[in-house]
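Participant: Quick mapping for you: the protein sequence lines, in order, are chains A and B.
Numbering of the first sequence is given in this note's numbering, commencing with residue 1 and proceeding in unit increments.
Numbering of the second sequence is given in this note's numbering, commencing with residue 1001 and proceeding in unit increments.
What the hints contain is simulated information worked out from the structure, not anything from laboratory work.
Just to be clear, a hint being listed does not mean it is correct.
Short, incomplete list of chain B residues facing chain A, as computed with Cβ under 8 Å [unchecked claim]:
1. V1021
2. V1133
3. F1181
4. S1186
5. D1190
6. A1199
Even for Gly, the Cβ is constructed at its ideal location relative to N, Cα and C.
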Amino acid sequence: MTTTLPILSHPQAASAFAQDDARAHWHDEALWFIRVKRDRQARSLPEWETLRDRASAIKTHTIANLADYLEQFEREATRHGAVVHWAANAAEHNEIVLSILRKHSVKTVAKSKSMLTEECHLNPFLERNGVDVVDTDLGEWIVQLREETPSHIVLPAIHIKKEEVGELFHDKLGTEKGATDPKYLAEAARKRLRQIFLACQAGITGVNFAIAETGGIVICTNEGNADLGVSLPPVHIASVGIEKLIPRAADLGVFLRLLARSATGQPITSYSSHFHGPTRPGHELHIILVDNGRSDILGREDFRRSLHCIRCGACMNTCPVYRRSGGHSYSATVPGPIGSILNPARDPKGYSSLPYACSLCGSCSDVCPVKINIHEQLLTWRHELVAHGHIKFLKKLSMKAVSFVFRRPALYGFAGKMARFALRITPRFLVYGPWNPWGKQRDLPVAPKRSFRDEFQQRSHSKSPAKRSAP
Amino acid sequence: MTTSTSPARARILAAIRQHAVPQAELPNLAGDWITFPDPVAKFSEVLTFVGGKPLVATDRAELEAQIRDLAVMQSPEGAALPKVICTVEGLPFGNVDFAKVLDPHHLEDIEVAILPGEFAVAENGAVWVTDRVVPHRAIYFIAQHVVLVVRRADLLDNLHQAYDRLCGSEHAFDQPGYGLFVSGPSKTADIEQSLVIGAHGPRSMTVLLLDA
Ligand code: SF4
């Protein structure tokens, strides 16, 4: 991934994506479709809001007692025979992975989706050190073959068209030229990846939940790739961000009910695997607990709740800016609304444009299964960035930020409806925030702070989910 | 290297503990969670929605007949019988002795795996399976087709009931082990969001509810 310029990076990158009207529109539609599926699932459960409340409360409690829970997790996991490692940063994490792989003379490792290993830039590190890493989630594999990074945390290849996959597979796998049938292409991938699963000497996975009470880890996939990657070879390395802890196994009742419904509109993923220790003699389970900036965020009251994130991607699917600017425009491992909080926390200067890649419509906070106040935190970030002098080109930034998404009518597809939406949202986008000269000079009536959100909520409750009424 | 004395461990724990985070209570998990007047119908509906195939048998004879009739159990004309592993007691279908498979890599050509499920969940079409009843947990993923047999009496309404059952007096996670919720076949939508069944793992997943 190339490092992009600070400050104006998002608007610049986004306008490049939006240049291609047809593609931006297609991307927008694809994500909205997933948002609609999510709504259907949420509505099918009368207790949806109760579940969100519980999830949020469990996470708040966990973060308040995180050190204790990490120690408990280590104790229990060790009791089951897992080896627990600790890594304060990405470099330490990568070294630990490499040392385990070296010990077992691993040449090929199958890796399932893990945003944490992306965050640590594990692949290039291992490749430099002579280890072949194969990303086995189909979307991630496509992205890896294209020498790109994922553009979405749940749907890594959402920005790529089937024609492009066809070309790529023709090149790399020798599929028929011009083939675009997803079934045919996925079958070709299956053939090759099953060879990898059979040949690899170790598997690396991310972790969705780590249970303090039992020392177990839970991994959710639809493809079954994580399990194939760690059930055949004798070594399983699991990388866990320290915020992934939950106190009790029974808490999974809450989180697994929310996760897939929020992510892709499924009632649960095809596979939800619970690992407690290595289960065969001679096998090893290594669990690496990684901080890499998380304890800093924990110390910041305004942003602490961002650690609740269970990486479902719902805030991305619903975000009008994300949908029309593409995940790569954020130049970050975690893009979209939550990424726009997490990345500036790590590097305020480099990612100062991200809190502005937002219309403050609040849709992200409304869909978030763990009730992170995402849009409020984004606003807080703006204040903070200004206070610390990270925003210099105010005017330029505001104009660009507005234009890249809302200037192109063709992006709106449903022209009438969406144009009204754009009109409604644009002034707010302009006046919000202390940085905008407009907002200061004009004596605009103080917009009721929650009006747009309230209205959106009403609208989304009263309209059929298939109708595209608001972000 | 003992991990418990690693310098990173001390640094991380200290970095966390230096922040005074306000206490918050851990909520209890009791709730007015969804139940269904007809859990079998709900389970069947959801399993179908996620790409699985639900069947109900009222006795063992019917169970046997249903499995025998499955398309995946038929051998194409002139071809050899499909390789079948069956660990459900009393069913006559296995032609590979699972206990004799020493290396999970050798399961690669297994066509059908007929295995017992511990319980099922109506709200999400999931079945709980473990490595206690199989020598290699890879079987759940490497077989081309998976057939799970669950007793009707072991069908629960929702996931909370499932964890209550797992975390009861005999806590399922007290011992090292592996457990899995399976809901449907292996699938992907990574190419333009088109659903493809049979990503890397099983191309079909059938659940037989035995109502006896
Ligand atoms: S912030 Fe919330 S909605 Fe966004 S990915 Fe995280 S859990 Fe999902």
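Participant: Indicate, hint by hint, whether the structure satisfies it.
Facilitator: Each hint tested on the structure:
no. : hint  : verdict
1   : V1021 : holds, 4 Å
2   : V1133 : violated, 13 Å
3   : F1181 : holds, 4 Å
4   : S1186 : holds, 4 Å
5   : D1190 : holds, 4 Å
6   : A1199 : holds, 4 Å
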